[in-house]
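Given chain A, put chain B in place with the hints provided.
Each protein sequence line maps, in turn, to chains A and B. Read in this note's numbering, the first sequence has 347 at position 347, and its numbers run on one by one without any break. Read in this note's numbering, the second sequence has 33 at position 33, and its numbers run on one by one without any break.
Bear in mind the hints are in silico, worked out from the structure with no lab data behind them. Since the model is a prediction, treat every value here as computed from it, not as a measurement. Careful, some of the hints might be misleading.
Pair ranges (Cβ atoms, derived) [as the list claims (entries may be wrong)]: (1) A:ASP21 - B:LYS6: 21 to 31 Å; (2) B:GLU16 - A:CYS209: 38 to 48 Å; (3) A:ASP9 - B:GLU101: 42 to 52 Å; (4) A:GLU136 - B:GLU33: 33 to 43 Å; (5) A:SER243 - B:GLU16: 20 to 30 Å; (6) B:GLU101 - A:VAL153: 21 to 31 Å; (7) A:ASN219 - B:GLU33: 25 to 35 Å; (8) B:GLU26 - A:GLU277: 19 to 29 Å.
DSS-like cross-link-like pairs, simulated, lysine-lysine; straight-line CA separation at most 27 Å [to be verified]: (9) A:LYS344 - A:LYS78; (10) A:LYS127 - A:LYS256; (11) B:LYS90 - A:LYS290; (12) A:LYS215 - B:LYS84; (13) B:LYS6 - A:LYS290; (14) A:LYS315 - A:LYS71; (15) A:LYS109 - A:LYS368; (16) A:LYS290 - A:LYS214; (17) A:LYS290 - B:LYS2; (18) A:LYS78 - A:LYS214; (19) A:LYS294 - A:LYS194; (20) A:LYS283 - B:LYS52; (21) A:LYS344 - B:LYS84; (22) A:LYS256 - B:LYS52; (23) A:LYS215 - A:LYS115; (24) A:LYS272 - B:LYS52; (25) A:LYS6 - A:LYS115; (26) A:LYS215 - A:LYS109; (27) A:LYS75 - A:LYS118; (28) A:LYS345 - A:LYS368; (29) A:LYS283 - B:LYS6; (30) A:LYS256 - A:LYS78; (31) A:LYS75 - A:LYS368; (32) A:LYS97 - A:LYS61; (33) A:LYS256 - A:LYS294; (34) B:LYS52 - A:LYS214; (35) B:LYS52 - A:LYS205; (36) A:LYS359 - A:LYS109; (37) A:LYS215 - A:LYS272; (38) A:LYS256 - A:LYS214; (39) A:LYS78 - A:LYS6; (40) A:LYS290 - B:LYS84.
In this text, a Cβ means the ideal position worked out from N, Cα and C, and glycines have one as well.
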Amino acid sequence: MYPNNKMLDTFLDVISHTLLDVSEEPGWRVWPMPFFHPSEGNFYLAVPERSFIVELYEHIKCLEEEGLSDKDIAKLFKKPSRIATLTFLFEWFRHSKLSPEQRVELAIKLLRYIKCLKKEDPFCTTKRNILLSNEEVNNLISTNRFLFVRDHVNLPQLVGRLNAALFLLCETMYFLHHSIGHEFHGPYYLNNGKIILIREYYDLKNTECWDFTKKLSFNELTTIEIYKGVDIRIDFFNRMRSSQSLPHALVGVCVKQGNINAPTLNSPEDIKSILNELLEVLKLGQESLKSLDKKGMIRKYVEVHYFIRKPLTEKLGIDWYPPGEVYEFLERVAPPKEIAEMFKKMSQMPRERQLGTIKQVFDPRVNKVQA
Amino acid sequence: MKILLKGTGASPGRAEGRVKVILQAEDVQNMREGDILVTCYTTPLLTTAILKARAIVTDEGGLMCHAAIIAREMGIPCVVGTHKATKLLKNGQKVMVDGDEGVVYVPE
Numbered sequence: 001m002y003p004n005n006k007m008l009d010t011f012l013d014v015i016s017h018t019l020l021d022v023s024e025e026p027g028w029r030v031w032p033m034p035f036f037h038p039s040e041g042n043f044y045l046a047v048p049e050r051s052f053i054v055e056l057y058e059h060i061k062c063l064e065e066e067g068l069s070d071k072d073i074a075k076l077f078k079k080p081s082r083i084a085t086l087t088f089l090f091e092w093f094r095h096s097k098l099s100p101e102q103r104v105e106l107a108i109k110l111l112r113y114i115k116c117l118k119k120e121d122p123f124c125t126t127k128r129n130i131l132l133s134n135e136e137v138n139n140l141i142s143t144n145r146f147l148f149v150r151d152h153v154n155l156p157q158l159v160g161r162l163n164a165a166l167f168l169l170c171e172t173m174y175f176l177h178h179s180i181g182h183e184f185h186g187p188y189y190l191n192n193g194k195i196i197l198i199r200e201y202y203d204l205k206n207t208e209c210w211d212f213t214k215k216l217s218f219n220e221l222t223t224i225e226i227y228k229g230v231d232i233r234i235d236f237f238n239r240m241r242s243s244q245s246l247p248h249a250l251v252g253v254c255v256k257q258g259n260i261n262a263p264t265l266n267s268p269e270d271i272k273s274i275l276n277e278l279l280e281v282l283k284l285g286q287e288s289l290k291s292l293d294k295k296g297m298i299r300k301y302v303e304v305h306y307f308i309r310k311p312l313t314e315k316l317g318i319d320w321y322p323p324g325e326v327y328e329f330l331e332r333v334a335p336p337k338e339i340a341e342m343f344k345k346m347s348q349m350p351r352e353r354q355l356g357t358i359k360q361v362f363d364p365r366v367n368k369v370q371a
Numbered sequence: 001m002k003i004l005l006k007g008t009g010a011s012p013g014r015a016e017g018r019v020k021v022i023l024q025a026e027d028v029q030n031m032r033e034g035d036i037l038v039t040c041y042t043t044p045l046l047t048t049a050i051l052k053a054r055a056i057v058t059d060e061g062g063l064m065c066h067a068a069i070i071a072r073e074m075g076i077p078c079v080v081g082t083h084k085a086t087k088l089l090k091n092g093q094k095v096m097v098d099g100d101e102g103v104v105y106v107p108e
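The shape of chain B in the complex, shown without the other chains:
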């Protein structure tokens, strides 16, 4: 695995799964249980996607942002403030999210 993205580790733990990029509320219906939620920042319009996520990765945010709070609540890894996750990650791509180090790995 190699590092694709670096951000801030906002909720600890490691999780593997397939990427689901959500840029608008309509995309939420395609999120499956155990997907890795990738978005600019989370809002209540993404509620059902958040609750299905195995990990969360966002473009924006810090340790106190919405995604970080919810992820720590749920006990799932979260990396925030990557600036370009929604651009670099593609739907269906397999990744590993490391919430301790604040990085997203992809297979070499």
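This is chain A alone, in the form it adopts within the complex:
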């Protein structure tokens, strides 16, 4: 019925392997905490009459009519991994009010936007997330001031705690989809056996979704890290895996309180002061999470996804918040258990069949999944 699409097929291959690898981990089915399966949250983003995906489809159409190219629209999403989080919604596309043709069209467009924002390998099949050219990386190294471990013995521990705190802050705000708040890219290989990992954290002071972030004095933070003797892998959903403890392999770092072009922090004391600020904000964040019941948590999950569309709706002169109908739907309708049950059933299947089933679930061209 639908023409073959190589990009969509590659994506399905990547998502099936990635999900299968993490689904065996404890907590996955009840992440971000023992409250809800992420599929339940995705249901509210796709199934209501005027759902997030129906509106996203329309907004993209309007932006195209205004003359914006794929690249222009991609840039509005800010970072590729943020768009990648939206591909989780494909599981509910067939239950949305989009026509079968529109579902495939939207899915392919989102994948194209990801491709626009990367230099190579849009789905990180080589476990590298490459956003910069070698020339751009070399330029970053030569024009920024780095702090080196040889000069500051406590630097590895400090940078490790800083990154752990920032990652946990992204999880507190964006749950399972922490990459709504960060883009880790690299590893970029240098000639001398060293590697570069760049971490851009952004929309940290997201006071529109969370009150507790208002005490944060910065909205973005960037680190450019030099490592030796460690294997770093980054997948399509911006999840990073390292072969060993990162602080032990750190050679040097450049920390910027802002985006990649911001001025560099001068000393470990400056980093420590940022870490202390983050620790205070994380305490408040933890209290915020604790105060939410299951429904409140799902409402936040839905809101942070709508927040992704903010730059697109701003461009169109409309607000980004979920329409009242979505909140009303959330109060009234419980999500069916079919996807959660499907994943449960899958654990008994041979691996090849598991992969095939996940591909069907996330394939917008498939109208009915045969488990």
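Below, chain B alone, put in the same frame as chain A:
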């Protein structure tokens, strides 16, 4: 020291400290800097406890679990998948966590 628990070494290194078992979010406030965090599996509700930990030991999990990722990020030892750490270890108990071997030692 003798081996009390075996699991998967998910982040290398050795660390000694006193056990803090955290089974629910309310327990987080009792975690002190340098304690050994012992829990079923880590979540963002344990954020402040994780950042105070000298090492992490969990009942569940593998090399790619949340606790393992955060521990490798922080450079602290981590043993996951012990199945019974929260049952066998007691608050205040002195232990040594070996993240290379994936074991937890207690004094003989």
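Against the structure, the hints:
1. A:ASP21 - B:LYS6: 21 to 31 Å: Holds, since ASP21 (chain A) and LYS6 (chain B) (Cβ atoms, about 24 Å apart) stay within the stated range.
2. B:GLU16 - A:CYS209: 38 to 48 Å: Distance hint for GLU16 (chain B), CYS209 (chain A) holds at roughly 41 Å.
3. A:ASP9 - B:GLU101: 42 to 52 Å: holds, 43 Å
4. A:GLU136 - B:GLU33: 33 to 43 Å: holds, 40 Å
5. A:SER243 - B:GLU16: 20 to 30 Å: Given a distance of about 25 Å, which is inside 20 to 30 Å, the answer is holds.
6. B:GLU101 - A:VAL153: 21 to 31 Å: holds, 27 Å
7. A:ASN219 - B:GLU33: 25 to 35 Å: holds, 29 Å
8. B:GLU26 - A:GLU277: 19 to 29 Å: holds, 25 Å
9. A:LYS344 - A:LYS78: violated, 35 Å
10. A:LYS127 - A:LYS256: Holds, because 26 Å separates the two Cα atoms, which is no more than 27 Å.
11. B:LYS90 - A:LYS290: Cα-Cα ~25 Å, so holds.
12. A:LYS215 - B:LYS84: Answer violated: LYS215 (chain A) to LYS84 (chain B) is near 39 Å, above 27 Å.
13. B:LYS6 - A:LYS290: The hint is violated at about 32 Å.
14. A:LYS315 - A:LYS71: holds, 15 Å
15. A:LYS109 - A:LYS368: With a Cα-Cα distance of about 22 Å, the restraint between LYS109 (chain A) and LYS368 (chain A) holds, given a limit of 27 Å.
16. A:LYS290 - A:LYS214: holds, 18 Å
17. A:LYS290 - B:LYS2: violated, 38 Å
18. A:LYS78 - A:LYS214: Cα-Cα ~22 Å, so holds.
19. A:LYS294 - A:LYS194: This hinted pair is violated, its Cα atoms lying about 45 Å apart.
20. A:LYS283 - B:LYS52: The hint holds at about 12 Å.
21. A:LYS344 - B:LYS84: Given pair LYS344 (chain A), LYS84 (chain B) holds - Cα atoms ~24 Å apart, limit 27 Å.
22. A:LYS256 - B:LYS52: holds, 24 Å
23. A:LYS215 - A:LYS115: violated, 36 Å
24. A:LYS272 - B:LYS52: Holds: LYS272 (chain A) and LYS52 (chain B) sit about 15 Å apart, inside 27 Å.
25. A:LYS6 - A:LYS115: holds, 13 Å
26. A:LYS215 - A:LYS109: Given that 27 Å is the threshold and the Cα spacing comes to 37 Å, the pair is violated.
27. A:LYS75 - A:LYS118: Satisfied, since the Cα-Cα distance of roughly 11 Å is no more than 27 Å.
28. A:LYS345 - A:LYS368: holds, 17 Å
29. A:LYS283 - B:LYS6: violated, 32 Å
30. A:LYS256 - A:LYS78: holds, 18 Å
31. A:LYS75 - A:LYS368: Violated - the C-alpha atoms of LYS368 (chain A) and LYS75 (chain A) are around 34 Å apart, more than 27 Å.
32. A:LYS97 - A:LYS61: The given pair, whose Cα atoms are some 16 Å apart, holds under the 27 Å limit.
33. A:LYS256 - A:LYS294: violated, 37 Å
34. B:LYS52 - A:LYS214: holds, 24 Å
35. B:LYS52 - A:LYS205: Answer holds: LYS52 (chain B) to LYS205 (chain A) is near 23 Å, not above 27 Å.
36. A:LYS359 - A:LYS109: Given that 27 Å is the threshold and the Cα spacing comes to 18 Å, the pair holds.
37. A:LYS215 - A:LYS272: holds, 17 Å
38. A:LYS256 - A:LYS214: holds, 20 Å
39. A:LYS78 - A:LYS6: Satisfied, since the Cα-Cα distance of roughly 25 Å is no more than 27 Å.
40. A:LYS290 - B:LYS84: holds, 26 Å
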